[in-house]
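Novice: Could you put the whole structure together from the sequences, leaning on the hints where they help?
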Amino acid sequence: MSAPEAPVISVRGLTKRYGDKTVVDKVDLQVMRGQIYGFLGPNGSGKTTTIRMLCGLLVPDAGEGTCLGHDIRTESWAIKQRVGYMTQKFSFYEDLTIRENLDFVARLYGLPDRRAKVAAALERLGLAERRNQLAGALSGGWKQRLALAACILHQPDLLLLDEPTAGVDPKARRAFWDEIHELSAAGMTVLVSTHYMDEAERCHRIAYLAYGKLMAHGTVAEVVAGAGLSTWHVSGPDRRIAELARTLSGLKGVEMVAPFGATLHVSGADAAALDTAVQPFQADAALAWRRGEPTLEDAFIHLMDSATDNYHPDAPR
Amino acid sequence: MIKRRFSFGRLVAVVVKEFIQMRRDRLTFAMMVGIPIMQLLLFGYAINSDPRHLPTAVLSQDNGPFSRAILAAMQNSTYFRLTVTAESVAEVDRMLDRGTVQFAVEIPVGFERRLMRGDIPALLVMADATDPAATGNAVLALQQIVQGAVAPLLTGPLEALLPAPQPVELRIHRRYNPEGLTQYNIVPGLMGTILTMTMIIMTSLAMTRERERGTMENLLAMPVRPTEVMVGKLVPFIGVGLVQVAVILGAARLLFHVPMEGNAAVLAVGLTVFIVANLAVGFLFSTVAQNQLQAMQMSFFFFLPSMLMSGFMFPFRGMPGWAQAIGEALPLTHFLRVVRGVMLKANSLADTWPDIWPLLAFLTAALGLALLRYRQTLD
Ligand SMILES: Nc1ncnc2c1ncn2[C@@H]1O[C@H](COP(=O)(O)OP(=O)(O)OP(=O)(O)O)[C@@H](O)[C@H]1O
Ligand SMILES: [Mg+2]
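These protein sequence lines map, in sequence, to chains A and B.
Read in the working numbering, the first sequence has 242 at position 242, and its numbers run on one by one without any break.
Read in the working numbering, the second sequence has 34 at position 34, and its numbers run on one by one without any break.
Since the hints were derived computationally from the structure, they do not count as laboratory data.
Hints are not guaranteed to be accurate.
What the hints assert, rightly or not - In silico EDC-like links for lysine to aspartate or glutamate, alpha-carbon gap of 16 Å or less:
(1) A/K89 with B/E91
(2) A/K26 with A/E64
(3) A/K252 with A/D238
(4) A/K26 with A/E75
(5) A/K89 with B/E210
(6) A/K21 with B/D379
(7) A/K21 with A/D61
(8) A/K89 with B/E106
(9) A/K213 with A/D61
(10) A/K213 with A/D305
(11) A/K213 with A/E75
(12) A/K252 with A/D284
Unchecked claim - Chain A is nowhere near these chain B residues, computed Cβ spacing over 10 Å in every case:
(13) R10
(14) V14
(15) D25
(16) Q61
(17) E91
(18) G110
(19) E112
(20) L140
(21) G214
(22) A221
(23) V224
(24) V231
(25) L242
(26) F301
(27) L349
(28) A365
Claimed, not checked - Residues from chain A shown here face chain B by an in silico Cβ test under 10 Å; the list is partial:
(29) Q81
(30) M86
(31) N101
(32) A221
(33) F281
Yeah, the Cβ is synthetic: ideal placement off N, Cα and C, and Gly gets one too.
Specialist: This is the structure in C-alpha cells:
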C-alpha cells in the first residue's frame, strides 16, 4: 500500500435503515486506488444498499465519508461524473439497441469522439456484430457485457459492480475478470460484489458483510486466518463418510461438516474442542484423517453463523 | 469544479433516446394518431349535428284549418315527428322532463279566431335544448315552416293580412340550456380535449415507466439534471401534439368546413402554451405515481373535470359559481376560449392574452411542482 495516497473510498459508520430495520449498520470501508475490492455476504446483507450510498443513489441515515475525494452526502453530482455503476438488475433500455444505449450514455457524459468511442467499446467487448440488436433481446450474459461496456465508456476512476457475473458462463466470467484486472492495472479502482468464492479469491482485498454488519475485511488469507478455524479433512468409503457426517454434526466443537466429493471437511473455531470431538473416530481404519486448511467458504459460513440476524435480535443463528 | 448548469448536450441525449423509444412503441404511436381521428369521426359523423324526425308532442287547444296546416307542415318538414297528443300543460312538462319528446307545440285557446282578426296570436314551442345541436336546426327552420303553412290559407278577405311581417308570433322556449351553442364549437373544443387526454396520459407514464422497468437506477446514477430529463422527455411530445393538431385542423377544414377566421400564428402560440401546460401536468403525475396504473388514474382524475367544467360539454356560463371557479383553474377552459376566439371570432394576441397568461401561470406552477417532486435518489 503506497502510504501517502488518499483512499478512493473512505467511509465511516455508514448506516441505512428501512423502517425499524437497520440494513447497513455502521460500516467502515477503505479502498485504495487500483485495488479490486470484493464485497461479499449472504442475500440481503446490505451489499447493494452500501454501493448505492457510495454513489449518491441513497442518502445514508448516519455515517460520513468520501468517494474519490468528494463527500458522499453533498457532492454526489461530482461523484457521478467519475464513477461507473453497474446495477445488479439490468437497467439499460431494452427497447433501444446496443449501440443506441451506448450512444445515450456517451452523450450524457458529453464524450468527445462519441462515434469512435462507442465503436471501440463495441469492438472490445465483442458486441460489434450485435450492435443493432435490441438490448431486450439479448441473453443474460450478453446483457452483462453490454452493461459493463456502458459503465466503463467514460473511463471512470471508480467502478462499482453489483454482482456483475451472476448467471454468466465460466468462460465469459473468466474473460470478464481478466478485463477487470486489466482496468485495475491501468489505475481504475473496482468495488465488486459477488457470491462466487473463486471471484473473491481474485480480489486484492475483500470485505464480508452479514446482516448489515461488516464481519471481516482484508486479504483473502487474512480473512481466512481471522476466522480462526481448525479443519480436518476425512476421506474414506462413501457410505462411511455419509454416516460420519451425520454423527459429527451437532457434536460440541464441530461447527461445520461439509462433504466435498469423497472428502469431508470438518471445522470448528475451538481447536481443542474439535479435536476432542473427532478423536473417537480417528481410530477407524477405513477413514484417512489429515489436517486441512480452512477454505474461504468455510470462513464465510463461520462468519455468517456467528453473525446475529438483525431481524431476530434474540435468536442467534 | 464541475459545472452544474443545464447542458444542451445532455438534453439532446435524452431527447434522442425518447424519440427512439416512442418510435418503437407501436401501440402508443398508433394511439396518438388514432385517437384524434376516431374522436373526430365519431363527433363529426356518427353524432349527427342535423338530426331530424324529432319526437314532438302537440297540445291543441283550438282546432281549425290554420292549426291543422301548421302541424301538417311541421310533419312534412321532416324535422318534427308528431308523436303524441297531450291533454294538459302539465303533461307536456312531464314529457319534456322525461325526454320522451324533444319538442312540444302548444296551440292556445282562440288561436284561429285571433289569427283571422289579425291579432297575431302566439304559437308556443318548447324545446328540450339540453343538447343544443339536436334542436338548433329544427328551431331555425320553424319560422319558415309556419309562415309557409299559413300564407296559402290567407285568401279572400283574409288576404289583407298578408303584408304583415308575420301572421303568427312564434314563441320559442329553449329549456335547460339557454346559451344554444352551434356545432362549430365542437371541433375546436375537440382539439382541446384530445390534446388534454393524450398529452397527459403519455407524459404521466414518463417517469413511472423508468421506475417500473428498473432503468431509473441507472438514469439516477449517471450525471443528468432533473430539468434535462424533464425537458428531454417533453420535447418529443410537443411534436406529437402539433401533429395531432394538424390532423384535427385538416379534418375540421375538409370534412366539417369549420372556418378559420383568425391568425394562425396566434393560434400556434395558444396551442404551444396549452400543449406544454398539459405535458407539465402529466410529468408532475409521473413524479408522484408509484406505478403506471396510478399514473393513468391520476390522468383520468384530471381529465374528467376538464371535460365537464371547461365549457366543452356544457356552456360555461350555465354552470354554478363553484363549478366555474374550478373551471377557471383548468387549462382546457382557457384554451377553449383562445381557440374559439381565434378560429371563429378572429381574436388577436391581445384579445387572447386574458386566457394566455393563466395558461402560462398554470404551466409554470406545474413545472415547478414537478421539479420539486423529482427525486434524485432512490429513497
Ligand atoms: N427500498 C427498500 N425498502 C425496504 N427494505 C429494503 C429496501 N431496499 C432494500 N431493503 C432491505 O435491505 C436489506 C439489504 O438489501 P440489499 O439489496 O442491500 O442486499 P444485498 O446484500 O444486495 O442482497 P443480494 O445478495 O440478494 O443482492 C434487505 O433485507 C432488503 O429487504
Ligand atoms: Mg444486491
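Novice: Failing hints, ascending?
Specialist: 1, 3, 4, 8, 11, 12, 13, 14, 15, 21, 22, 23, 32, 33
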